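**Student:** The residues making up each chain are set out below.
Protein chains: 2
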Amino acid sequence: MENFTYYSPTLYEFGRGAEEKTGMLTFLTGATKVMIVYGQKYAKTSGLVDRVANSLRTIGIDFVELGGVKPNPEAALVYEGIKRGRAAHIDGLLAIGGGSVIDTAKAIAAGIGYKGDFWDFYTGKTPIEEALPVGVVLTVPGAGSEGSGNSVISHTDEEGVVAKISLRTDSILKPRFAVMNPEMTFTLSGYQTAVGIVDMMSHIMERYFSNTTRVEVSDRLAEGLLMSLIAEGPKALADPTDYQARANVEWAGTLAHNGIVGCGRREDWTSHAMEHEISALYPNVAHGAGLAVVFPAWMAFMAHHKPSKVAQLGRRIFDVDVKDDRSAAIETVASLRAFYSVALRMPLTFKELGIENPDIDTMVTRLHINKGETIGGYYRLTAADTRQIYELMKGE
Amino acid sequence: MENFTYYSPTLYEFGRGAEEKTGMLTFLTGATKVMIVYGQKYAKTSGLVDRVANSLRTIGIDFVELGGVKPNPEAALVYEGIKRGRAAHIDGLLAIGGGSVIDTAKAIAAGIGYKGDFWDFYTGKTPIEEALPVGVVLTVPGAGSEGSGNSVISHTDEEGVVAKISLRTDSILKPRFAVMNPEMTFTLSGYQTAVGIVDMMSHIMERYFSNTTRVEVSDRLAEGLLMSLIAEGPKALADPTDYQARANVEWAGTLAHNGIVGCGRREDWTSHAMEHEISALYPNVAHGAGLAVVFPAWMAFMAHHKPSKVAQLGRRIFDVDVKDDRSAAIETVASLRAFYSVALRMPLTFKELGIENPDIDTMVTRLHINKGETIGGYYRLTAADTRQIYELMKGE
Numbered sequence: 597m598e599n600f601t602y603y604s605p606t607l608y609e610f611g612r613g614a615e616e617k618t619g620m621l622t623f624l625t626g627a628t629k630v631m632i633v634y635g636q637k638y639a640k641t642s643g644l645v646d647r648v649a650n651s652l653r654t655i656g657i658d659f660v661e662l663g664g665v666k667p668n669p670e671a672a673l674v675y676e677g678i679k680r681g682r683a684a685h686i687d688g689l690l691a692i693g694g695g696s697v698i699d700t701a702k703a704i705a706a707g708i709g710y711k712g713d714f715w716d717f718y719t720g721k722t723p724i725e726e727a728l729p730v731g732v733v734l735t736v737p738g739a740g741s742e743g744s745g746n747s748v749i750s751h752t753d754e755e756g757v758v759a760k761i762s763l764r765t766d767s768i769l770k771p772r773f774a775v776m777n778p779e780m781t782f783t784l785s786g787y788q789t790a791v792g793i794v795d796m797m798s799h800i801m802e803r804y805f806s807n808t809t810r811v812e813v814s815d816r817l818a819e820g821l822l823m824s825l826i827a828e829g830p831k832a833l834a835d836p837t838d839y840q841a842r843a844n845v846e847w848a849g850t851l852a853h854n855g856i857v858g859c860g861r862r863e864d865w866t867s868h869a870m871e872h873e874i875s876a877l878y879p880n881v882a883h884g885a886g887l888a889v890v891f892p893a894w895m896a897f898m899a900h901h902k903p904s905k906v907a908q909l910g911r912r913i914f915d916v917d918v919k920d921d922r923s924a925a926i927e928t929v930a931s932l933r934a935f936y937s938v939a940l941r942m943p944l945t946f947k948e949l950g951i952e953n954p955d956i957d958t959m960v961t962r963l964h965i966n967k968g969e970t971i972g973g974y975y976r977l978t979a980a981d982t983r984q985i986y987e988l989m990k991g992e
Numbered sequence: 597m598e599n600f601t602y603y604s605p606t607l608y609e610f611g612r613g614a615e616e617k618t619g620m621l622t623f624l625t626g627a628t629k630v631m632i633v634y635g636q637k638y639a640k641t642s643g644l645v646d647r648v649a650n651s652l653r654t655i656g657i658d659f660v661e662l663g664g665v666k667p668n669p670e671a672a673l674v675y676e677g678i679k680r681g682r683a684a685h686i687d688g689l690l691a692i693g694g695g696s697v698i699d700t701a702k703a704i705a706a707g708i709g710y711k712g713d714f715w716d717f718y719t720g721k722t723p724i725e726e727a728l729p730v731g732v733v734l735t736v737p738g739a740g741s742e743g744s745g746n747s748v749i750s751h752t753d754e755e756g757v758v759a760k761i762s763l764r765t766d767s768i769l770k771p772r773f774a775v776m777n778p779e780m781t782f783t784l785s786g787y788q789t790a791v792g793i794v795d796m797m798s799h800i801m802e803r804y805f806s807n808t809t810r811v812e813v814s815d816r817l818a819e820g821l822l823m824s825l826i827a828e829g830p831k832a833l834a835d836p837t838d839y840q841a842r843a844n845v846e847w848a849g850t851l852a853h854n855g856i857v858g859c860g861r862r863e864d865w866t867s868h869a870m871e872h873e874i875s876a877l878y879p880n881v882a883h884g885a886g887l888a889v890v891f892p893a894w895m896a897f898m899a900h901h902k903p904s905k906v907a908q909l910g911r912r913i914f915d916v917d918v919k920d921d922r923s924a925a926i927e928t929v930a931s932l933r934a935f936y937s938v939a940l941r942m943p944l945t946f947k948e949l950g951i952e953n954p955d956i957d958t959m960v961t962r963l964h965i966n967k968g969e970t971i972g973g974y975y976r977l978t979a980a981d982t983r984q985i986y987e988l989m990k991g992e
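So the sequences go chain by chain: F and X. Residue numbers for the first sequence follow our numbering, so the first one is 597 and each next one is one higher. Residue numbers for the second sequence follow our numbering, so the first one is 597 and each next one is one higher.
None of the hints are false.
Copies of the same chain are indistinguishable here, so a pair counts whether it falls within one copy or spans any two.
Keeping only pairs whose Cα atoms sit at most 25 Å apart, straight-line, the calculated DMTMM-like set for lysine to aspartate or glutamate is:
no.: 1; residue 1: K617; residue 2: E725
no.: 2; residue 1: K711; residue 2: E670
no.: 3; residue 1: K760; residue 2: E969
no.: 4; residue 1: K711; residue 2: D753
no.: 5; residue 1: K617; residue 2: E863
no.: 6; residue 1: K617; residue 2: E598
no.: 7; residue 1: K831; residue 2: E598
no.: 8; residue 1: K711; residue 2: E676
Read the hints as simulated data drawn from the structure, not as lab findings. Model, not experiment: these values are computed from the prediction.
Let's have the full structure, built from the sequences with the hints guiding it.
**Tutor:** Right, here's the structure in full:
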């Protein structure tokens with residue numbers, strides 16, 4: 597176990613009717629006028645924005661609205677939010693939605709008091725020092741932004757080149773509160789639910805696969821969350837209105853990414869980076885679906901190069917009962933693949949992702965330009981290695 | 597899963613050298629002059645108080661000292677602390693020690709700005725509305741007060757009658773930060789280490805044994821923490837300077853009691869209440885040692901009256917492989933007993949606690965006067981039931 601600082605000051609208000617407390621929770625952040633940020637459909641058409649607005653009115657908090665956030669949120673809307681937020685003299689943000697909406701609200705919260713371009717924080721040009729308080733009403737579990745200090749925004753330059761950057765902060769951008777009513781997730785499709793679950797499981801596993809030894813507490817918490825998702829995820833798919841399944845999945849998704857399973861160890865975000873190169877080239881690929889393809893391939897490579905922790909995972913969560921580490925790791929990969937493809941109906945290959953002729957050359961080149969000659973913490977991967985992992989995703 | 601609010605704003609600074617950050621962390625609470633509260637020996641003789649004092653001086657924070665806190669901390673020292681703290685115009689508390697020291701600091705933090713008697717908060721006469729910020733440098737893991745909003749203080753009235761009351765707050769008394777350097781626990785004896793581990797495991801199990809169904813996430817986290825303690829605890833006993841074992845035990849102890857494993861369910865603190873009656877009558881009994889006797893007896897009773905969750909625990913953490921719930925529960929109790937007595941060298945019976953003729957009549961009577969005619973959440977216990985459980989502790 598290595599030294600760590602853990603600070604997770606977000607208040608989670610969880611359960612049926614939790615959204616009614618939004619006004620009071622916003623009041624407690626000290627805000628008097630907030631910008632309500634939301635997406636393109638659900639928040640508005642379901643009447644949720646109106647209900648939240650009423651909760652704010654009751655307690656005397658003024659607000660303006662900013663709708664229309666899209667998946668892979670764009671800097672353009674952040675600029676608009678900053679402009680309108682300044683004009684309205686807001687002193688807080690309230691995000692109603694999933695990761696894209698929350699990340700947009702965080703970007704506005706950071707940019708509004710800063711004289712320069714908010715994008716400076718994302719490029720690393722300027723360190724972020726203050727931000728308006730952000731509250732969240734979560735409607736799409738998966739990204740984990742409700743409990744994290746991160747924000748991912750895509751920025752398109754004048755030549756049309758898109759840069760998608762994840763800004764990571766220790767606590768400045770952590771939401772002050774997150775209202776989580778699992779009933780709000782009943783209308784998510786099976787596909788949306790499944791990609792959320794894969795994203796959650798990836799957040800856990802990127803922390804789990806670590807070179808740091810003797811992290812028994814963090815390992816057991818990670819394994820426990822994975823087992824919860826494996827048990828409850830398929831129930832949420834089978835019956836979208838199974839409140840208890842939805843509740844367990846949603847809560848696991850928050851804990852997957854609020855840092856608790858990373859305590860005391862170096863994390864390894866290679867699979868996320870490898871997936872980013874896929875969805876950068878093939879923008880129709882949902883992040884979670886891409887991860888369902890990448891992670892088992894990454895683990896299959898590790899089964900041959902460093903099987904120990906893959907084997908531990910399988911023995912502890914999939915009841916793998918083989919002594920030899922390599923064989924146990926191979927069985928673990930098979931179990932994970934079966935869970936993704938059979939239980940969650942997720943793709944496992946480029947072909948199933950809808951990519952007939954994957955441009956692996958470009959992905960490998962960009963990956964190592966972005967991340968360095970060798971990448972990874974659990975095991976250092978050269979370009980030849982990452983090529984091999986991408987090749988495995990062909991599934992031939 | 598039931599509705600819940602989870603708010604754990606304590607910053608944990610964990611690892612070797614963490615205490616050097618005490619000054620900076622205290623500064624971030626806004627305090628300018630703190631009272632350093634500590635116990636009778638280790639904090640002072642080890643030089644820790646001086647090192648922390650230097651860390652405060654470096655950053656320009658003034659301080660006064662209040663030493664001499666004893667186990668089962670008394671109101672008398674709280675009154676003294678409030679008086680001296682007011683005279684010195686302190687605006688923060690810094691506890692260096694374990695549960696007793698932290699609980700004393702919390703009581704002073706609550707009482708110092710209150711015109712009446714601080715004990716009003718504990719008796720429920722007055723709700724607590726504000727408190728000075730409390731920081732912690734943890735030297736004795738187990739009680740979990742570094743991450744909880746609770747404070748247990750004993751108050752002796754004019755006739756010499758002792759009332760030991762646990763004040764529970766949602767967040768007002770939660771420490772702002774906890775500095776945790778596992779090296780500080782190297783000098784704890786095997787006995788101190790073991791009673792701490794039993795206390796931690798009890799904190800987890802009192803939350804685990806719940807009537808609330810479909811709490812898969814919280815169940816898995818609880819089981820994970822228990823497995824960590826079962827794996828790492830004996831290593832800390834075998835080699836008191838095994839940093840990694842100490843670190844895993846200490847971190848598990850915080851998570852055992854900061855509320856994370858209780859999310860979404862009704863808890864059942866019957867075993868803690870039953871133990872309190874033992875240590876009230878026999879003050880030499882350490883809380884953790886008493887719990888090692890009570891908990892297996894309570895579980896043995898449940899094996900015959902409501903075995904389901906006892907069986908689940910055993911199957912998941914002790915590899916119990918029996919289909920019938922009652923048999924599985926009985927095996928679980930045997931496994932827990934073996935762990936407590938063999939691995940931790942803890943007592944399992946009144947006799948091993950040093951009590952030859954336990955006054956079960958008085959304990960049962962007081963228990964039900966204090967807690968009601970029937971007690972417990974997982975299973976409602978009558979006086980006849982609790983008597984039977986106490987009888988089981990005779991081990992005959």
